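K.L.:
Now that you have both chains on their own, put them together as the hints suggest.
Chains A and B, in that order, give the protein sequences. Under the numbering used here, think of the first position of the first sequence as 1, with each following residue one higher. Under the numbering used here, think of the first position of the second sequence as 264, with each following residue one higher.
These are calculated hints, taken from the structure and not from any lab test. The structure presented is a predicted model; accordingly, all values stated were derived computationally and were not measured.
DSBU-like, lysine-lysine: derived pairs with alpha carbons at most 35 Å apart:
1) B/559 - B/477
2) B/392 - A/30
3) A/99 - B/335
4) A/99 - A/29
5) B/477 - A/99
6) B/477 - B/335
7) A/99 - A/30
8) B/392 - A/99
9) A/29 - B/392
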Amino acid sequence: MTTAASLYAAPNVTPRFWPVVLRNLLVWKKLAVPSVVGNIAEPLITLVAFGYGLGALVGQIDGRPYVQFLASGSVTASATLAVTFEALYSAYSRMAVQKTWDSILNAPIALDDIVFAEMLWAAIKGLFSCTAIMVVIALLGISRAPTMLIALPVLGLVGVTFASIALIFNAVAQGYDFFTYYFTLVITPMTFLSGVYFPIAQMPDWLQTVAAFLPLTAAVELVRPLVLGEFPTDVTRHVAVLIAYAAAGYYLALVLTRRRFFG
Amino acid sequence: MPEPLLRIEGLSKRYGASVAVDVLSFSIQPGECLGVIGPNGAGKTTTIRMCLGLTGPDAGTIEAFGLPIPAKVREAKRRIGVVTQFDSLDPDFTCTENLRVYGRYFGLPAATIEARIPALLEFAALQAKATARPGELSGGMRRRLSLARALVNDPDLLLLDEPTTGLDPQARHLMWERLGNLLQQGKAILLTTHFMDEAERLCDRLIVLDHGRKIAEGTPRGLIAEHLESDVVEVYGEGAAEVARAHAHAAERVETSGETVFFYLRDASALLEALGPRHDLRTLHRPANLEDLFLKLTGRQIREDA
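In isolation and in its complexed conformation, chain B is listed as follows (with noise of 0.2 Å):
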């Protein structure tokens, strides 16, 4: 196995009392995307700050390329790339600005930045808008720039913090062939996300983070075949309670959820055939996903910082 990129061990970190990272270990191996998943507040920004020397851990290590964390951040910093939950880009700047610039901070030579400019432009769909100001750019176009900025060290591990947070649906398709063409070219993405189907999509292995600890680790699929039954039955509608009280027995799990229940079990056949005549009833089936498994691990109730 390879030297892994970035390799966690033990971390943690209280503000006060309360915990925010929980004895937290994770590695990154090149050309890997890991997606760390979990309930607003569940240390995933906090994970990311601390891997940038932005916060001090209360214990445990954090090395990246093999450099300990923060003690060596700069020079780590040169082969990292990072897009934060909200947008920081300059908005006195047009986008080629924006790029130049920050190619700057990294002490890159001009003419390099500026041989790369072009290319950041294109890989971000954003070559029509080279002299237009973030404020007068899309959310999509945005995040798109940010993400180009991001790359302009020419990376080999980038941090992604909810990269889609806010976008529409074209936005984010675009964003997730973006950051597939990434994973493409051997660079190792570290991406936090709220979208299940986007960690399913991008992600060879997730975390889920609850509470500031790992709660469950592997493929998204994995995690789904090991915790998950297979199936599942939502019903909507009036009645929806009773339904679920009435045919409990037919599933191995049953969940409500105002007037929705979730039925998860391996064969729906049976439930399908006995809801068939209740025509006031809405249902639908499908395989479990993994927005079930988060639901699953983290409960459903509304968290207090949400």
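Just chain A, same shape as in the assembly (with noise of 0.2 Å):
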């Protein structure tokens, strides 16, 4: 098990990573008026302050209100935001401050099948908060596209992508601090690079090249359309770009936690 040919062995996922995903799901039904409110009121402030009052400066960007532009880029950065929390934060206190790993190894469960449920149920958290933004850009007026339906499967990859990701810090972690390197060095430029805020065109030419590759902006690239009505265009590109740093993450991720666990 501790051979380097297992450390880096293909995922073996079983059905008995279910119950773990159960597991994290009990936790947040005790914690989800909190959640839920916060989920809400966050989007919402956000919408109003920058969407209305910022928008008012702004103007049109792509010939619609800001708050449109605002509001479809928001429901990406929230669902890559909460997932990145609950895969670095709330999964490395299972992991490593609450020992939740530890007892589920002593039953028949194996580090695969808890990597992958971590990696599950952040994308599930993800979508809950995309849900709850979703409505309320429904009840503020600003979209009320049934295309937004199309972009919650979407946003479940794009959780997936990121979770991956985040695991991937979590598995090196050796404390809560690390991650702010990680927020501060990746997440909150990449959400400057990825067409959130602004259009990507407004960037010179060189990071426009490398916001292309970044999987923040295949996101936006695909939720933005749906979420106001319309379909995306070069969806096979952006799909690949999200899958390849899910699986890479993923993998990646895999590797580094196993080689923690059993290194």
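P.N.:
What follows is the structure in structure tokens.
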């Protein structure tokens, strides 16, 4: 089990991962009310303050009111943030602080199952957050396009991608402080580069090239049109980018987590 | 002799330059309680982790229920219950939820789990605390909940790593009573402990580990008879060192630790008579016990990692 070959083995996930997802869901249910209130209040405040306040100054972007541009970008950014928080801070608590993973490993559930369950659970939690924001968007009348429903499975894939990447950092963390680097050096810059708050076309060419390879750019390009009642273009390319990051991230996270536990 | 539940042969594990487990072999029969005693760092926890497939051995074989570990560990774990040295209960869940969620990890049907929960709470003497969270429980209650959780799959073999460390005497006695019940039900137990009275009370057989090696094996009484004189006279006080020199001939073996002298002997009457007039010294005459054995075999010095 500690041989190099087994550290790098292909993921071996069994249906036993599901009780681990249920465990996290049960904890979430206990804290659901404050969680949902936060999920609704935060975007409500952002959309009203920046969408309408800043939007009045910005005017239109791509022929739309700024608040629509912002709202459709915020859905994706919030999903990313919610997923990343869950796969860093919460997963780390369970793994290193509460020793929840250790107790699960004493049952007939393998580490591969746990990592998969954590990845999936973070993505599910991201969907809760997205759904709340879409409700706010609909209530405010920013968009009521039925295509928003198609955005949800896309956001599920976005969640899987960002959970997988975050679990890499979870696997090597020695404490919560480490995650600050990930947020400041990865997530925050990526949010500004990926067309969440302003169009990518505003940036210099070389930055646009960088942005084209970021998973959040692909996510925004897919989700924004769907939230606003249109269909995205270049779907294959964007989905491929997300899947590539998800697959590579998940595998690396798994290898590093195996090394942490068994290496 | 029936097939052993757990059979370990020639097991070795190194971490870098240090040897954690060194060519260790033992087995556990159904219904047996095997105690593993040894100083901190002797390899007790590493051995348990290898039995659970959490650490891979460098050499040797492990079989649980005839299944090779780690190859078939998932299958074997269905029949194993584990209590680790440190509590890993879910702090967000009530006692009932802790048991329910843990039962699901074994793939047990919901009806089976729900049927077992009341009996498990009763076993842990936690019926009144069914809706309390671990943070609201005493240390003894938490350990009993950990034990109840380890029983949710109705295991045949329990691996208990220092299950009573940190408990007060009342809580410890209740734990011993419960472990005794489990043995009566025919469960096999592998128990690591630092409490020699616990080992003596619960274990049919003991192995003593030091630096990863098995240095003795036998029944608690048998080990004492084999390695020790029958009686011990402890003498405390300022003049104890001088007493040790003066009466060394009266005992088979004399050990000094700080201001206490231990005389190991078969007949204490002569020594006790000689010490009678020494009112400045306190003496205690007692039968030799496992603690004496442990100290004789592993030495009195504190371990670096202790």
